[in-house]
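Modelling step: build the complete structure from the supplied sequences, incorporating the hints.
There are 2 protein chains.
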Amino acid sequence: MRMAVDGLIRRLDAINRIGYKENDGITRLALSEEDERARNIVIHMCEELGLKIRKDAVGNIWARKEGTDPNLPSVMMGSHIDTVPNGGRYDGTLGVMAAIEVMDWIHKKKILHRHPIELIVFVAEESSRFNIATVGSKALAGSLSISTLKNCRDADGISLYDALLQRGYEPEKLETAILPPEKAKAFVELHIEQGSVLEKEKIDIGIVEAIAAPIRLQIQLIGQEAHSGSCPMEDRRDALNAAAEIILSVEKNGRAESKHKTVATTGNCKVFPGAMNVIPGEVYLYIDIRGIDLQSMLRVLNAVIAQTKEICEKRDIQYAIEVLSRERPVSLDRDLMEQVKQNCRKLGLTYKEMPSGAGHDTMNIAKIIPAALIFIPCVGGISHNKREEVRLKDLKNGLSILFETIISLAK
Amino acid sequence: MRMAVDGLIRRLDAINRIGYKENDGITRLALSEEDERARNIVIHMCEELGLKIRKDAVGNIWARKEGTDPNLPSVMMGSHIDTVPNGGRYDGTLGVMAAIEVMDWIHKKKILHRHPIELIVFVAEESSRFNIATVGSKALAGSLSISTLKNCRDADGISLYDALLQRGYEPEKLETAILPPEKAKAFVELHIEQGSVLEKEKIDIGIVEAIAAPIRLQIQLIGQEAHSGSCPMEDRRDALNAAAEIILSVEKNGRAESKHKTVATTGNCKVFPGAMNVIPGEVYLYIDIRGIDLQSMLRVLNAVIAQTKEICEKRDIQYAIEVLSRERPVSLDRDLMEQVKQNCRKLGLTYKEMPSGAGHDTMNIAKIIPAALIFIPCVGGISHNKREEVRLKDLKNGLSILFETIISLAK
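Note that the protein sequences, when read in sequence, are chains A and B. If you count by this note's numbering, then the first sequence holds residues 1 to 411, one letter each, in order. If you count by this note's numbering, then the second sequence holds residues 1 to 411, one letter each, in order.
Heads up, some of the hints might be wrong.
Identical copies go unnamed one by one, so any copy, or any two together, can satisfy a pair.
[Said to hold, decoys possible] Derived lysine-lysine pairs resembling BS3-like cross-links, with alpha carbons at most 27 Å apart:
#: 1; residue 1: Lys-314; residue 2: Lys-259
#: 2; residue 1: Lys-393; residue 2: Lys-367
#: 3; residue 1: Lys-202; residue 2: Lys-259
#: 4; residue 1: Lys-314; residue 2: Lys-200
#: 5; residue 1: Lys-261; residue 2: Lys-314
#: 6; residue 1: Lys-352; residue 2: Lys-259
#: 7; residue 1: Lys-309; residue 2: Lys-252
#: 8; residue 1: Lys-185; residue 2: Lys-108
#: 9; residue 1: Lys-252; residue 2: Lys-21
#: 10; residue 1: Lys-150; residue 2: Lys-261
#: 11; residue 1: Lys-270; residue 2: Lys-252
#: 12; residue 1: Lys-21; residue 2: Lys-185
#: 13; residue 1: Lys-21; residue 2: Lys-183
#: 14; residue 1: Lys-252; residue 2: Lys-150
#: 15; residue 1: Lys-386; residue 2: Lys-173
#: 16; residue 1: Lys-183; residue 2: Lys-202
#: 17; residue 1: Lys-352; residue 2: Lys-314
#: 18; residue 1: Lys-270; residue 2: Lys-386
#: 19; residue 1: Lys-396; residue 2: Lys-346
#: 20; residue 1: Lys-309; residue 2: Lys-270
No lab work stands behind these hints: they were computed from the structure.
Have a look at this one:
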């Protein structure tokens, strides 16, 4: 069935008023005031459809529509609504709003389904605030510990644990959020590609075969602060110059492995004291290595570590490398991919198997139940950016394929 | 006369309680609350000695002791008490406290002098807050404009002009702060070396022959923000990777000119948006080039500009280079240097002519009247740092040579 998109657009408009600033895009950091307000809007939308709402121990929102057979496992769909700083209208939010629209359609059209259908809004998918990604789905997969919740902190020093407490959740009951595999049949997430492959190749739907996983590092470099005028070049232990060499090493090693679809990025470089007339004494680098080929990722990781050591020894700089997260690439369920392909053919949509460079909650859920990730094109491949845009026909295609897939699974 | 240092140490202790935090050193940014409190303490100290206090249009503090001949030009001494973030106990502050102590000594011992003696506390010597250095002495030398005061802003966007207004000064009357050359005979500043030449060579006093001048640049780099996982290495326009190449170019060009005593430093690198999963779209670099050989400095400047262009063209990065300040190295008065040498011999102190790598208020004053800059060693050459330290005997030597020099000039 090809669905109308007006409802979806209305829902996107409503939720994207929260955290929006002209010229700045949308900022709804995980568990922030804005995030909480947007989550309440989602709950309200689901209640209007008569769905049964619950929140688990880490704040994931669940909205359930019973099927005709209450003993069957549920069919799940969902995504997240938190954003990066100055993010766009679609990342995550599209998957949640499309899922609500699918629920609405099933409800309005009184479509019968045997399996219960569940919508989930994952908490804290973006790592921007707490330097840890896909928190909600990690909790479902049982791959999160209370000590991790306590150790991940935002820029103000607030731990993820305390932020959850503050919002009324129960991080100490983390284990109760684990999803027993027998409770769910499958999970489907609709998302924008966040790249430009589909757009360039003029393909409607991307069917993700594997999700790249990030390895994340923090490198602390300690040199010697000194006056920028009176310390001769040959006596310096400049932490920023060492950092510059490491940043270029990250890029070089990422490029060397790009044939294996591995990428490497230094996302931030913080300089202390950061004054114009002081040689930097301390620098922090934040590095993200991603790919779908673990061996290739590890080659980048090991080369960056070895070259950091070499650069710092040469420059007499102390360093400390902390691996903030280390995840494995995840292959997705072939049967479910086949099901999505069938539905594409039914709807007359072109499709392509592809990897996902970005991480998604699907990668955690895929560890416990069959899971599918469906991409639609975004304009210019731009994402995590206020200029994120999706063409109307692609919104329609995405909504239709999500609907067909959920119904074919829940029937 | 060899002076006792107890008074000087008491004064340093008193003023350095302001802005001090354990483990963080001293932070008294120009025109901050802390700076203002410290300046009030200076005024109080000077009033106790019966000195006549005034503040000029930009907030320089003047404290005057009349001599026996009111028609003679004054002999000036002074420095500044604002600091870099997390600075030390001596930079600038030593010169002010020693000058007060010299006044105290002349007062107590009832030493006769024909010339008036004036103490000046220059405003905003450090560039840390407003990205412009030696503001107070620039005003005296007439090398400051109201538009510069309005254009230099701190991290919160407050202009130097507004900060002066806020503290009750009269930036619009900037011209009234200009020092007519006939009003002053000479200026003497006592300062720590901020390098380790004197310590290494075991010399008591540095007599500065020339002061290096900084050329300061801001380089803005604009690439393309994109998701760190889904944008292939070959499609990236990463502003931070371009910045890393420029940082290394600054270092390389500084090293190439180090035989001419030129140095080059990137003091800060600000990354936007600075999230772990976003390719940096925008970076600002802050660069400081210094030397006593203008041609050598210009070679570094031109090479950095040329290489920035090359790097940005290669990487498809937009860039904007702004020259924030561009000063010329200043040679100091030979006669005054000879006078200081004579006084060193009289006191039995070893001395050495040397350049000053760091800028000082003296360089501006030297453009209008004979000016001298006297260095004492600091431990390990460490400065602009909470670990800044001066040996007791060097404090004593510095105080004594300042006293002898002022008295020999004012007699």
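Here is what the structure says about each hint:
{"no.": "1", "hint": "Lys-314 to Lys-259", "result": "between (31 Å within a copy, 21 Å between copies)"}
{"no.": "2", "hint": "Lys-393 to Lys-367", "result": "neither (32 Å within a copy, 70 Å between copies)"}
{"no.": "3", "hint": "Lys-202 to Lys-259", "result": "within (23 Å within a copy, 59 Å between copies)"}
{"no.": "4", "hint": "Lys-314 to Lys-200", "result": "between (45 Å within a copy, 24 Å between copies)"}
{"no.": "5", "hint": "Lys-261 to Lys-314", "result": "between (32 Å within a copy, 23 Å between copies)"}
{"no.": "6", "hint": "Lys-352 to Lys-259", "result": "within (19 Å within a copy, 61 Å between copies)"}
{"no.": "7", "hint": "Lys-309 to Lys-252", "result": "both (16 Å within a copy, 21 Å between copies)"}
{"no.": "8", "hint": "Lys-185 to Lys-108", "result": "within (24 Å within a copy, 93 Å between copies)"}
{"no.": "9", "hint": "Lys-252 to Lys-21", "result": "neither (36 Å within a copy, 42 Å between copies)"}
{"no.": "10", "hint": "Lys-150 to Lys-261", "result": "neither (33 Å within a copy, 50 Å between copies)"}
{"no.": "11", "hint": "Lys-270 to Lys-252", "result": "both (21 Å within a copy, 22 Å between copies)"}
{"no.": "12", "hint": "Lys-21 to Lys-185", "result": "neither (40 Å within a copy, 59 Å between copies)"}
{"no.": "13", "hint": "Lys-21 to Lys-183", "result": "neither (41 Å within a copy, 56 Å between copies)"}
{"no.": "14", "hint": "Lys-252 to Lys-150", "result": "neither (34 Å within a copy, 43 Å between copies)"}
{"no.": "15", "hint": "Lys-386 to Lys-173", "result": "neither (36 Å within a copy, 45 Å between copies)"}
{"no.": "16", "hint": "Lys-183 to Lys-202", "result": "neither (38 Å within a copy, 79 Å between copies)"}
{"no.": "17", "hint": "Lys-352 to Lys-314", "result": "neither (48 Å within a copy, 33 Å between copies)"}
{"no.": "18", "hint": "Lys-270 to Lys-386", "result": "both (24 Å within a copy, 20 Å between copies)"}
{"no.": "19", "hint": "Lys-396 to Lys-346", "result": "within (15 Å within a copy, 92 Å between copies)"}
{"no.": "20", "hint": "Lys-309 to Lys-270", "result": "both (19 Å within a copy, 24 Å between copies)"}
Figure legend: structure checked against the earlier numbered hints; hints not met, in rising order: 2, 9, 10, 12, 13, 14, 15, 16, 17.
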